[in-house]
Structures are given as C-alpha cells and as structure tokens.
Amino acid sequence: MNLIEASKGTTYLIKEIVAEDNIKDFLHTLGCIDDEEITLVSKISSNLIINVKDSRYAIDKNIAKCIFLYD
Amino acid sequence: MKIALAGNPNSGKTTLYNALTGELEHVGNWSGVTVNKKEHPLKDSYKNNNNEETIVVDLPGTYSISPYTSEEAVTHDFIIEENPDVIINIVDTTNLSRGLFFTTQLLELNIPVVIALNKQDMLGKKGINIDNKKLSDTLKCKVVAISASNGTGLETLVKQAMKVAEKDGQECPFIDLKNTEVSNKEEQADLDKNRFKVVSEILNDCETREVKSEELTLSDKIDKVVANKVLGLPIFFAVMWFVYWFSQSFLGGAISGYLNDTFFGEIVPNFMNELLANLEVNELLSALLVDGIIGGVGAVVGFLPLIMVLFFCLTLLEDSGYMARVAVVMDRYLKKVGLSGKAIIPMVVGSACAIPGIMATRTIKNVNEKRITAILTPFVPCGAKLPIIALFSVIFFPDASWVGPSMYLLAIVVIIVAGLILKNIFSVEYTQSLFIIELPEYKLPSLKNATISMLEKGWAFIVKAGTIILVCNTLIWLLQTYDFGFNVVENADTSMLATIGAIMVPLLIPLGMSGWQLGAATLTGFIAKENVVGSLAVMYAVTDSMLESGVSPLLGVFTPATALAFMVLNLFTPPCFAAIGAMNSEISDKKWLGVGILFQILTGYTLAMIVAQIGFIIDGTVGLSIIPAILILVAEIFFYMKIVRKNKKAVAESPVAA
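Residue numbers (the numbering used here), protein chains in the order written: chain A, 125 to 195; chain B, 29 to 686.
These are calculated hints, taken from the structure and not from any lab test. A couple of the hints might just be wrong.
[Claimed, not checked] Below, computed lysine-lysine pairings styled on DSSO-like, alpha-carbon distance capped at 30 Å:
1) K221/B with K148/A
2) K148/A with K167/A
3) K185/A with K451/B
4) K187/B with K71/B
5) K189/A with K363/B
6) K249/B with K471/B
7) K249/B with K167/A
8) K363/B with K132/A
9) K189/A with K364/B
10) K213/B with K148/A
11) K162/B with K206/B
12) K168/B with K225/B
13) K451/B with K148/A
14) K249/B with K153/B
15) K185/A with K257/B
16) K364/B with K132/A
17) K139/A with K252/B
18) K170/B with K66/B
19) K161/B with K206/B
20) K393/B with K677/B
21) K153/B with K132/A
22) K225/B with K185/A
Predicted, not measured: the structure shown is a model, and the values here were computed from it.
With the hints as extra help, turn the sequences into a complete structure.
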C-alpha cells in the first residue's frame, strides 16, 4: 500500500519509493529510505504530515503516492 | 584562519554566525532563510590573545553533500573551494538522526570538524538525553553543547575550533563509507542507506528519548487549527490583517502622523527657515534646503515608523515557525495556478521588502515555478510602497478605511491572474507541482531579534533617505529650477524637468492624468519607490504636511479616481532597481527577465488604466481618454492570444508531443 492509504498515528516501514530521481534523491537525504520508519502524524489541508527521523514534514498527495509501505 | 559553519536547514547556523561575528543577518524559523554564503571576521571577544584574523563563513543549509547529485555537488564543491581551516558542523540536538547523516559526509572531506550540538535548551523539554562524550569518541571529533540563541557554550566552541584547526586533516571513523565507490544511482542509494544505518547505531549508543518523536506534540495540535482546511485561510488573512493594521494604523500610523504633521510639517521647516533667514543665506540655496532636501527627504522619513513596525511584526511571524504552515495552507490554492505552497513565503517576506522576498524563491526546486514566483513577488506592496498608500488614502479617502487593505486584496487577485497569464506566455507545461516542506516546531518569537531587525531596517532606511532619496530629490529640485540653458526659471513648466517629464505625458493620457510632474514622479519611483512621495513633495513645493493636509495641492491634480489609478500604477509597476537586480540573479535568464519586467510594467499600467476608466464611468465623467484606453486593452489581449496560439502550435509540432 502507499502512504495515502496509511492510518493516522501508525508507524510503518518504507518498502520502496517510486518517483522521479529528483524527488527520490531529496526524500533519501531526509531519511526516507527503504526499511526506514515513517509515521503518518495527521492529515491537514489536503496534505499529509509525516514524521521521519525525528522531523515533521508536510507533503502533498502526489508525493505520498510515491511512498510505498509494508502492510 | 577560516571557520566554516555547515549544517541542516534551520539548525541555527545564522543565529550562531550572528553571535560569533556580531552581524545582524536575517534569521527565521523556516528552512532556507540563508541562500547566499556570508562571511565576516570573528568578534574580538572570542579571540584568545590571538591576533590572527579569523573569518567565519555562513553557508546555506543542506541535508546532504553527496557529490553525485548535481544540486548537492554545488555545496560540496563550495566547501572544498572555501578550503576552511575548520568546519563547525551545527547539528540540531533534537534531530540528531538526520543531522548526523550530514556529519558523516563532512567527516570524509579531510577538513577538521567540530560538532556544535545546538538547541541544548530544548533537550529537557523533549526528554532527550545525549552522551556527548561517547558521541565524540565514536565520531572521533570534538562535540560541544551550545545554545546559539542563548549564547551558551560559544566560547568553548570557538576555543575547540581553533585548537582543532591546527590539526592536519580529519580522521574519518567510517572508512567503509568513505571508500565505497559509487558509479550509479543504485549504488548511491545503497550508500545513503548504509550511512543512515551507521547513524542509527551511533544513536542507539548515545541517545535516549523519553518521548518518541512521532507522538503528537503541542505543535501538531496547533497545526490542526492553524493549517486547517477551513480555518487555515481565514486565520492567515486575520494574521496578515492584524500585522498591517498594527503597523499602518495603530502604532506605526500614529507615530508617522505625528512626524508628518508636526515634526517635518512645522517644527523642522520653521526652524530651518528662521535659521537660514538669520544667516542671510542666498534665497535659492535656502529654497533648495527647505523645499528640496527637507521637504523631499522629510516626506519620506515621516513614514519610517510604518516601515519599522511592519518589519518588527513580520520578523516575529517568521521567527514563530508560522511561515511553513502558511505554505501548507496555501498549497491547495497555489497549485491551481501551477505553483506550490512554497511560493507564498517569498510573497509574505516580500510584503516587507521585495529583495529578500525574491531571494527567498531559491528554496523552490522547480526552476519555472521559481522564476514565475520571482516575477510575481514584487506585486505584493512592500514597505517602500507604504508611503504612497498612506499619502493617497489620507488625502483622497480620509474617511475610507478600505483603501489600504484593498490594495493587498488587489495584489492577491493580480498574483493569481498574472500567474495564470505567465504560465501561458512562457508555455510552462502543466506538471503537477510537488510539495514538501519541513515543519519546524513552533517557538516563542524573540522580541530581541525583532527589535534588532527593526532597528537595522530603520537605520538602512535612514541611510537610503540620506543617499539615494536625497540625491534624487536634490536632482528633481535642480532640474525643475533650471532650464537647459542653466537659467533659473520663473515657472517650473519651462524647466528641464518639465521637458523630461513631458516625455511620459502621452502615456498618462489613457490613465486620465496630465502633468509632467506625475511622469517625473513615476520615473523616480523606479529608482526607489519612496521617491514617489518625495518627488511629489518637491515638485509641488510643499512640505509633506501640506501634501497630506486638507488643502493639499494634489487635490488639484487628481480626482479620487485618478488618485487611485496613480497609486495602482506605482504599486504594480516594477518596484525598484535593487529588486530588478535581485530578479536578475534569481531568474538567471535574460529572456525570462526581460519578459518579466515588461510584464510588470504592462500590468501596472493596464491596471491603472482600468481603475481610472471605471472610476470615470462611476463618476459619469467619461472622456475621450477612454478611446486610447480601449485600444490599448484590445492590443494587449490580441498579442497575448497570439503568443498563446504560437506556443500551442510549437508544442503540437514538437517531436515530444507527437
């Protein structure tokens, strides 16, 4: 499943990121890499608030769609 | 000796830089405030009997410097080129897991590194414990706990940095990472993964957290309200309205009113007139001093409190962490124009001054989005335009409180429409804009920072008034006092300025305005917008209080409709030369820049024309000027359609589309 289908307040492991190189590279440097923990903190204003490596980010649905998780 | 500061965005590099050097660089609680390298000598108080000059270099924040992606390679080469004797790696203590990733890369450069664990004051609050000694042993470099905002630990940090700088290079504890050869993306991703693994292992040993970071914090709860789908936009408008009300009507407005009416209106001119009369100064020289210099510069300086209070409020706003949330709220709306939510940050920053606003576009990754944002940002009325708004609303709309706010509303409408038009002109293909932004934790904004920023801005403004504005006003006065034969003219209508200003007069006809003075005032506005008010004061040879008063000579020049149009003309044409310079460096493409500036000129002109003509229709005073106005509008629409059609054709013919 991808991040959009994830439930709030749950921590998942990232399976893979399927996106253009520039997005993928940027997500990597933030610590969004395979087998890494990611938490969906909340959803506000059509954006998803995620927690990765102790930091909060707001990402839009287009990016969330690229992040695939282990069920 | 050279000390470089490097670290993640928003880890506090510039705060540390300011503390170490005594500089007053702009800081804010959002990622990407610093976009240019800055350098300055270390403060004397940090030098321990060492007379060697020490330069501190502040670098823009970055998450990574792997040399394999082009963007980060720039930062990588930058550090190598700077060739510092020591790198102070600033790491946000509350976010070691991401910060240390960057540290592992820095340790491979063979330049001595000292780690500054910043934001120590936050540790207790977040229930984090860090074993600094163990961390230092593992990383094989010195670790110093500091709080850049409170100024603790800085002396130790500088001492350690100087000691380490003597060393010859830096031992790298992660030989395996360093020796990994990377030749493609896949291998790069694997290396990043290993890097994060190494960092996780270090943290398992050195860090304990009582509260897990994924748990809901106070910031998250505030975000649920502030960035809410329904409430987000009204809250943003309310916040901005409060900022402008506070700076333009309440505090700033009150002080400005006093300065304009009493201080520069009566006290200073009366005093000067008396003084000059007693000294029996030449009449012409006395007129230059009182009407030209004091009248013009005073007219501008009187509005200084408005600008200072505005800067104070906006600095508080930036410091709180709210900016990133505004980007989240606005993302939905700006996407419709093909921009991302990040485009709102340059615009809010630009409401103080367009130059830092335009520079803030650098955090936007997509190059077309960035360029369009850089062209749109100057449409937001900046601090220098406040005197124009304030002056015209006081004279022509004394009982209407809607004029000031309506200019900001108009700016929003213009930005949306202009965004769509620019997208078509430049034929930017519709790619879904992607949005990702770090949400820093909210913090109580520092009154000290805001005060410093306000005083600094105030001082910069006084310097500007004493240089550019003074020169422009003196020049205006001289040009209107002499004719081309350098004879003093009886009537300014035969002066050099009248001849120069007259070139602009035909252009003003569709706007329903006449008078070479208005042409000249608009021209000086391109140099600096504050000049518009100063020039009008000089040319109508009155000090500002009279310009602003019920018997203002401007009442004879404008009707309310043309006054509004003149205001719009000056607000929406290109802001000033300095802002155009900033656009040039951010846009970095001559064609884009040229089209952008032309577009801004046409936008300001067309809007002024529409405002004037609608005003005439409402007043029932439609004149012949409506004919050229309609012709111009039709021509503009025609050319716009032609460009769009040409672009469509080009896209259809391009092999990619086929």
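Consistency of the hints with the structure:
1. K221/B with K148/A: 13 Å, holds
2. K148/A with K167/A: 22 Å, holds
3. K185/A with K451/B: Roughly 23 Å separates the two Cα atoms, so the pair holds.
4. K187/B with K71/B: With a Cα-Cα distance of about 13 Å, the restraint between K187/B and K71/B holds, given a limit of 30 Å.
5. K189/A with K363/B: 17 Å, holds
6. K249/B with K471/B: The hint holds at about 14 Å.
7. K249/B with K167/A: This hinted pair holds, its Cα atoms lying about 12 Å apart.
8. K363/B with K132/A: Within the cut-off at roughly 25 Å; holds.
9. K189/A with K364/B: Distance ~19 Å between K189/A and K364/B Cα, so the pair holds.
10. K213/B with K148/A: Cα-Cα ~10 Å, so holds.
11. K162/B with K206/B: 22 Å, holds
12. K168/B with K225/B: Holds, at roughly 18 Å.
13. K451/B with K148/A: Given that 30 Å is the threshold and the Cα spacing comes to 26 Å, the pair holds.
14. K249/B with K153/B: Measuring from Cα to Cα gives roughly 17 Å; hence the hint holds.
15. K185/A with K257/B: The hint holds at about 15 Å.
16. K364/B with K132/A: 27 Å, holds
17. K139/A with K252/B: 28 Å, holds
18. K170/B with K66/B: With a Cα-Cα distance of about 25 Å, the restraint between K170/B and K66/B holds, given a limit of 30 Å.
19. K161/B with K206/B: Between K161/B and K206/B the Cα gap is close to 24 Å, so the pair holds against 30 Å.
20. K393/B with K677/B: 28 Å, holds
21. K153/B with K132/A: 25 Å, holds
22. K225/B with K185/A: Answer holds: K225/B to K185/A is near 28 Å, not above 30 Å.
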